[in-house]
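Starting from the given sequences, assemble the full structure and let the hints guide the process.
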Amino acid sequence: MSWEIVIGLEVHAQLSTNSKIFCGASTEFGAEPNTQADAVSLALPGVLPVLNKGAVERAIKFGLATGSHIAPRSVFARKNYFYPDLPKGYQISQFELPVVGQGALTIQVAPLSGNAKPYEKTVRITRAHLEEDAGKSLHGDFHGMTGIDLNRAGTPLLEIVSEPDMCSAAEAVAYAKALHTLVRWIGICDGNMQEGSFRCDVNVSVRKPGEPLGTRREIKNLNSFKFMQQAIDYEVQWQVDTIENGGKVQQATILFNPDTGETRAMRSKEDAHDYRYFPDPDLLPLEISPEWIEQMRATLPELPQTKQARYVNELGLSAYDASILTASREMADFFETVLAAVPKDAKICANWIMGELNAQLNRDGLDMTQCPISAQQLGSMLARIVDGTISNSGAKEVFRTMWADGGEVDAIIEAKGLKQVSDAGAIEKIVDEIMAANADKVTEYRSGKDKLFGFFVGQAMKASKGQANPAQLNEILKAKLAG
Amino acid sequence: MIPYQPSLNIVFAMSLSTQDVEKVARLARLAMSPSEIETSRNQLNGIFGLIAEMQAVDTDGVEPMSHSQDLAQRLREDKVTESNQREAFQAVAPQVEQGLFLVPKVIE
Numbered sequence: 001m002s003w004e005i006v007i008g009l010e011v012h013a014q015l016s017t018n019s020k021i022f023c024g025a026s027t028e029f030g031a032e033p034n035t036q037a038d039a040v041s042l043a044l045p046g047v048l049p050v051l052n053k054g055a056v057e058r059a060i061k062f063g064l065a066t067g068s069h070i071a072p073r074s075v076f077a078r079k080n081y082f083y084p085d086l087p088k089g090y091q092i093s094q095f096e097l098p099v100v101g102q103g104a105l106t107i108q109v110a111p112l113s114g115n116a117k118p119y120e121k122t123v124r125i126t127r128a129h130l131e132e133d134a135g136k137s138l139h140g141d142f143h144g145m146t147g148i149d150l151n152r153a154g155t156p157l158l159e160i161v162s163e164p165d166m167c168s169a170a171e172a173v174a175y176a177k178a179l180h181t182l183v184r185w186i187g188i189c190d191g192n193m194q195e196g197s198f199r200c201d202v203n204v205s206v207r208k209p210g211e212p213l214g215t216r217r218e219i220k221n222l223n224s225f226k227f228m229q230q231a232i233d234y235e236v237q238w239q240v241d242t243i244e245n246g247g248k249v250q251q252a253t254i255l256f257n258p259d260t261g262e263t264r265a266m267r268s269k270e271d272a273h274d275y276r277y278f279p280d281p282d283l284l285p286l287e288i289s290p291e292w293i294e295q296m297r298a299t300l301p302e303l304p305q306t307k308q309a310r311y312v313n314e315l316g317l318s319a320y321d322a323s324i325l326t327a328s329r330e331m332a333d334f335f336e337t338v339l340a341a342v343p344k345d346a347k348i349c350a351n352w353i354m355g356e357l358n359a360q361l362n363r364d365g366l367d368m369t370q371c372p373i374s375a376q377q378l379g380s381m382l383a384r385i386v387d388g389t390i391s392n393s394g395a396k397e398v399f400r401t402m403w404a405d406g407g408e409v410d411a412i413i414e415a416k417g418l419k420q421v422s423d424a425g426a427i428e429k430i431v432d433e434i435m436a437a438n439a440d441k442v443t444e445y446r447s448g449k450d451k452l453f454g455f456f457v458g459q460a461m462k463a464s465k466g467q468a469n470p471a472q473l474n475e476i477l478k479a480k481l482a483g
Numbered sequence: 001m002i003p004y005q006p007s008l009n010i011v012f013a014m015s016l017s018t019q020d021v022e023k024v025a026r027l028a029r030l031a032m033s034p035s036e037i038e039t040s041r042n043q044l045n046g047i048f049g050l051i052a053e054m055q056a057v058d059t060d061g062v063e064p065m066s067h068s069q070d071l072a073q074r075l076r077e078d079k080v081t082e083s084n085q086r087e088a089f090q091a092v093a094p095q096v097e098q099g100l101f102l103v104p105k106v107i108e
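Chains as they are written, first to last, in the working numbering: chain A, 1 to 483; chain B, 1 to 108.
It should be emphasised that the hints constitute simulated quantities derived from the structure, not laboratory data.
Some clues are possibly wrong.
[Unchecked claim] Within a straight-line C-alpha distance of at most 25 Å, the following computed PhoX-like cross-link-like pairs (lysine-lysine) qualify:
#1 Lys79/B <-> Lys88/A
#2 Lys79/B <-> Lys136/A
#3 Lys105/B <-> Lys347/A
#4 Lys105/B <-> Lys136/A
#5 Lys105/B <-> Lys79/A
#6 Lys23/B <-> Lys53/A
This is the structure in structure tokens:
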């Protein structure tokens, strides 16, 4: 009998504010150690936290984008634990009354193996709460001591907690990617995973179908989707092997080692989870009025899920195409600008962006924002395919030229002589000439040798130097050969 | 309002053990001698007694407050207002190196 996998995610998204969540120190990444650690970040005696409006605005936007309940009143709490990169001895977080309540995110899952088809799934969001980040401990060569950098201490985070709704590594990765797209889309987090702006903790357990939930282990701090998939695959196999060999899974916090591809338990402290939360007396309850929520709603762009639905229903694209074209706001903007040039031909736009353009970006190791061809250029080129000026193969040459040297579409078509001959008179003249030159073949064709049609097409194309409009040529040739 | 009637029974109902105090001290990384533990236990039990007295009040139908003041949080604009004062802060730190505060190694 097979095993069922149960996965829930906790994602820490660093909010893209200029200043920290409870003080006016800068959040800029990469500064010299402790140059952005002010008196509040250092927890000097007598300082008090003052909440950053920008952090709350971002939390509201996230709540709106996931259809979540936004608490009219939420409360900050102290999460107590001892660690030197947490100078207060507690982290200010939210516990019983988080700013964002239940919501959901609909995702497109592309199975990682086999020929299974992509499908849609809705993952429930349990809550999202505001909290501050801790500093960094550096265990370098400091004469047996630990170095502490508190620049990151107090950086605003939104911790987004999902229900255990995912049942494969593919679903967990699809959810994490959808969340990653969303937070960048609505401009609340830069999503930079190398810099730790988007970190995932994954809770994994296994069970036999129909049985109660198994004991979970939590894989901490995954900062790449590839590692997430590897870590889940390894962890699931480890749990199944452990149980099948008669062992028991113990609840634990574990780390994934990308070098070995293995997970291992952190040394657990017996009191690790005794955080003794209580409401922070330094902070009053956070109140969010309906007016403020509506103000924030007005600043939201069209969301990726809404765009996807529109692309499918109004433009006739497949759900898969729609999900690729909304993978980022840059991608969707690009697509829509291209589409503006050929509004009735969404499929051609999608094919060129996901095909030729994407392949070339991959080959050159570029992302959408670095694309050497602008959406306007691509749009003008597609317009020239649609109006019959150039053929598909001619367009590929225009595309290559623009990619390498830039330039304006019509000028390139002119310079390279790529214009199709769409003038019926000119094509008729060519057809007449090749028929006259191959009178014997014409007789054979007319006596039933249909296969010769290809020969005439080839001859005519050659005579036109490949520039005859193929559809028009076929039509004229057919009529003339019929006699 | 319901009249408040202190109850001596409840005041003495809660009592912390030596083990409870030792655990709290360990979580806060405080080293305490047995006599300090005993002193703290008595003081903490006094506080719990006060809490028990408050818990005796009938609060049915009263919405819990998370703060003693019935006010909402004031917010600040998202602006950087602090400049680098590392030198001043680190001048009073016991040990620094390469801009980092040095602390005894914490073994997990």
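Verification of the hints:
1. Distance check on the hinted pair: lysine 79/B and lysine 88/A sit about 23 Å apart at the alpha-carbon level, within 25 Å; holds.
2. With a CA separation close to 23 Å, the supplied pair lysine 79/B and lysine 136/A stays within the 25 Å bound.
3. About 60 Å separates the Cα atoms of lysine 105/B and lysine 347/A, which puts this hinted pair outside 25 Å; it is violated.
4. At roughly 13 Å between alpha-carbon atoms, lysine 105/B and lysine 136/A fall within 25 Å of each other, so this suggested pair holds.
5. A distance of roughly 22 Å separates the Cα atoms of lysine 105/B and lysine 79/A; the hinted pair therefore holds under the 25 Å criterion.
6. The suggested pairing of lysine 23/B with lysine 53/A is violated, with an alpha-carbon distance near 38 Å, which exceeds 25 Å.
Figure legend: structure checked against the earlier numbered hints; hints not met, in rising order: 3, 6.
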